[in-house]
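Peer 1: Chains as they are written, first to last, in the numbering used here: chain E, 1 to 275; chain G, 1 to 522; chain D, 1 to 340.
Computed Cβ-Cβ distance ranges for the label pairs, DEER-style: (1) E:Gln239 to G:Thr124: 54 to 60 Å; (2) E:His129 to D:Ala93: 23 to 29 Å; (3) E:Arg266 to G:Asp304: 54 to 60 Å.
Derived by calculation from the structure, the hints in this document are not laboratory data.
The beta-carbon is built from N, C-alpha and C at its ideal position, and this holds for glycine as well.
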Amino acid sequence: MRIALPMSRRSVRLLCVILVSILLLVLAAASDLIPAYQTSAATLQPPAHAYWLGTNDIGQSVLTGLLRAAPVTVGLALATAALALIIAIVMAGLAVIYPNRGRALVLHLTDMAEIVPSILLLLLVAAWHQPGALEIILLTAVLTWHDDVRILRSVLLREISRENITTVRHMGASWPYLLLRHILQAVTPTLIGLYLQNVVQATMRVAGLAFLGLTDADLLTWGSMLQDAINYLHTPAWQWLLLPPTLCLTGFLLLLLTLDQRQTQRAQSVDEAVS
Amino acid sequence: MGRRLGPALSAVSLCLALIVAPPPALADSTTPTRLVISNSNTDWGLAAPYLQARGGLGYMLTHYVFDNLVGQASSGALAPELASEWEVSNDGLSVDITVDPDARWHDGKDVTSADVTFTFAYITEHPHVFVSLDNVAGTEVLSPDHLRISLHRPDAGFAANVLAGLPILPEHIYRGQTNPRRFTEPSAMIGSGPYRLSRHKRAKGLYVFSAVTDYYGAAQKYDEILIVKLQPEGAIQAATNGEVNVISDLPNRLVKMAKSNRLQVETAPSGHPIKLRFDHEGLFAVTQRRQALAHILDRQALADIAYRGSASVASLGYLQDNSAWYRPNSVYSYEYDPVKATELLTRSGWARDAAGRWLQDGQPITLRLIVGGKEAALAQVLQDQLEAFGLEVAVRVLERGALREVAQGKDYDLILAGGSTLGDPVTALERVFGSNWNNERYKGDGALMNLAQAQAQSLDPDKRAALLAAFQHRYSRELPAIHLLNIHRTIAHDAASRPWFFSEGLSVGIPVAIHKYMFLED
Amino acid sequence: MLGPTRISPQSGAAARPGANGLVLLRSLMQRVVVFVVLLVLMSLLPRLLPGDTLDVLMDSDVQRGLQDGEITDLRDRLGLGGSLVGQVGRDLARLAHGDLGYSLLHGAPVSYLLADALPWTALLIALATPIFLGLGVTLAVEAGRQPGTRADRLITTSMSLLASIPPFMTAVLLFLCFGILWPVLPIGGAEPLFPAATPLLRAQEILRHAFLPSLALALHEVVRYFFVLRGEAAVLSRRAFVLNGRSRGISGWRERRDYFGRNLLPVVCARLGQSVATLFTASLFVEVIFSYPGVGALTYHAVLDRDYPLLQGAIAVLALLVLGLTWLLDALTEILVRRG
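All chains, full assembly: derive it from the sequences and hints.
Peer 2: The following block contains the structure:
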């Protein structure tokens, strides 16, 4: 599949983000590079030469923990957001391709998915079985795809009703051809914007679940490190147990938000220039 | 912008100032004989045998309100309570009980032997969580103050388990109650104990117990006992203000903070050691491997890292140092000795590869360890120790329900869980050889079981001590489970109050220091 | 400029003009379907779990050794017997009659526990709502009325920063700063240990205890409203009537209130429906962190304790409240929109 994307500055920035993320994930695969997250007798030590960010209550180095949790946290968020977006694309596509029945069905499903108080469902499932990585991705994606459907649908409708597209359709082009060759290019900025927002939401959701201790105990994420830190707020240990994971999460989210803002700014200015 | 905003801003800052300023300190209620106990979780149900919450704390609450036949002196030795005398026959098959003629229910009626016989019959029909009446053949009323209990078999622990553990119910209230768990009228809590529950606010987690007038037993020290729900950090703050007297669940990490706030801290072993249990039909059916494991683990390091001073190394002979029957000399102690462990493992059939990993039949060994949420941190430290030795460990943290359902030998090689050793050693029969989810499920060659049965039926204290010493020795050689650590319970209190831990626990073996004997004069 | 809020237009009824009665009805039917599905799921899932309430109740080291007949008997008496479908059906019937069940772990009917906890959560939400609405609208108007100025950039940057701190972390940081490091406010419970006798003092104590949690709740919502409202305000600032007004010399408080504030109200109303669900989610974290005895903390501890009767009852009531409130708010918005 050849996609000719203009290599503007925004795309370069986004590519950088993706590359960094992939690098983090590679770090996970070659996890010998990061030292093992080992317990030791040096419990609750402040940052020092031996442990740059101090240790937690069973002697594990906070820095090692952050590095090991990074691919998991970021990877979970990226995967969840991707899955949610894919589901939304499929739904929006159905609503557009089958304008009568498909639209009604999709809108019903979207409305109902929107209505469900997702936290209650999450609590219920967590009480049943603490979700591991795959289950988190599935569960969160299923609960959040509805956010994107309406925008995607309106954008798709807008693109399809453009003159060049209608002409090509009259000439008998099939849907896949249309989607790939013509529509995808125009829809990409919206997709990227939605994806970034999904990643932000997913990060916060998963971190929140981990913070409450509702995820699988084996899953090491920044959120679960925060859960460990809560017990030590009354001791000086909060400085090196609480702040580093918070800063990591905040930094990551800030990066995504900035990218999203820049990207929409550009999209708006492009729109204004065109109209 | 200025004109409307000015007054608005001052209104907001006034509100903020009011909120931030603490309200004037109120003089506390003028009852000087009030004791306030705090705990982070006070969902203990109501103070009746079928309304109490599960677990020892619910039992303790009922114990304030319902006296048992036999109680405990401050040393922990059995002392008269509702039964002024009890005598076991020579053959051990019947127990004669004299009910204290002064004993009264809270509504004024006398406690008679009819109540006791009724209780035995009722509890046989509606099982009690902690006390088993399987061995009771029948009860017989000899007079309003005398009764005789017949047993199927002699039971050395009968007095400590049943007489001291069974709450006595009022016949005139409980007769005809077919669903005692739904019997929530105030009359369900009419007992014979020194206190009664006068107020209970469920959402706030508040209990107020008032002293019973004309209590037949020792005088009560306090007119009111309050149990309040406070997180330990908040409780320490309240204690410094004099609002709280006893903080009954102080975590280890706050001991320093409590002491710096001029509170006294009592610690005691909880009698609930953390045990490493085995799948006795799998990899660890071979005794040498279990012994090797005891040599591989540096249990002092486990205590230092995972519990940071609030745990001590446990004895590997089943009974711990809080028990009167503990004989450290007869217990084999397994020092941290990797060389010895290697030798034992090689003899048992495992081999070691060049990288140091252990193999069975050429395949690398992965030990499957399951653990409940509370001991997850310990499991991590354990895993690191075993992996440093070359044994791969796959840890699964299971929640309580799943832990219960794990069938023998299905999914695990090792289980890490706490277990009680409190109470009379007759319970060893069940805990070591039983097939319940939290028993050790051991069979062995039968010698250990014979010793356990013999001591359970031995009524002569000296003979029993010798049998138990032999039991501990044999246990430490066969290792049905490895007792890793004794966790300490900690309680903080002000200078005026005097809680204490019984060495063998309250009643059936509950490790609490805020029992009713703390509220009574000696 | 868009922050963590969705770009999507308003949900449900408010987005579609015309035939609104029908749309509202459809929205109601959808809610009923969702509610029933949730109830069934809620009844089903705990029963698929290994281990059940009976085991939990009888948990003790020294097993009682119940006979099989005794066990089934006990199970039946506690409502745990029969086939799966039968059990689910019985649960639904029970709920339909308003019997929310009995929590054996707490030793109390679920309705009592909920009745004790709901007012506190309601208090937090009631205190938080004016804060986030007021702050959200004010800041959005300040930033949006003159986009691109220093004030705009300053406010928007700090809001972006706030948006990138996960909401539970803002609660923890508030807890840390004002409860531990500079302990001016209490950090646990809804009331002090011995509440004051006079109502005025008692109200002051309650407010002191509720201040930090409701602030934490409000901060979470402010960000959402800010970004949407700022966008709207920015659009408004380019409209002719505003420019006219400015050229006529209207500025300051009057401009903000009459030109911006009034016109942003419909947007606020449309968003309020979404706030109900997010506020409840946020209150879960806030109540757990501040040990506040509301319904969020109750549900959370029910999950941890696997107290299924309580969890079922709580979820039924909460789902009813959330679904009902959002529908009511949609209907209200409809009425307001039609009134013009």
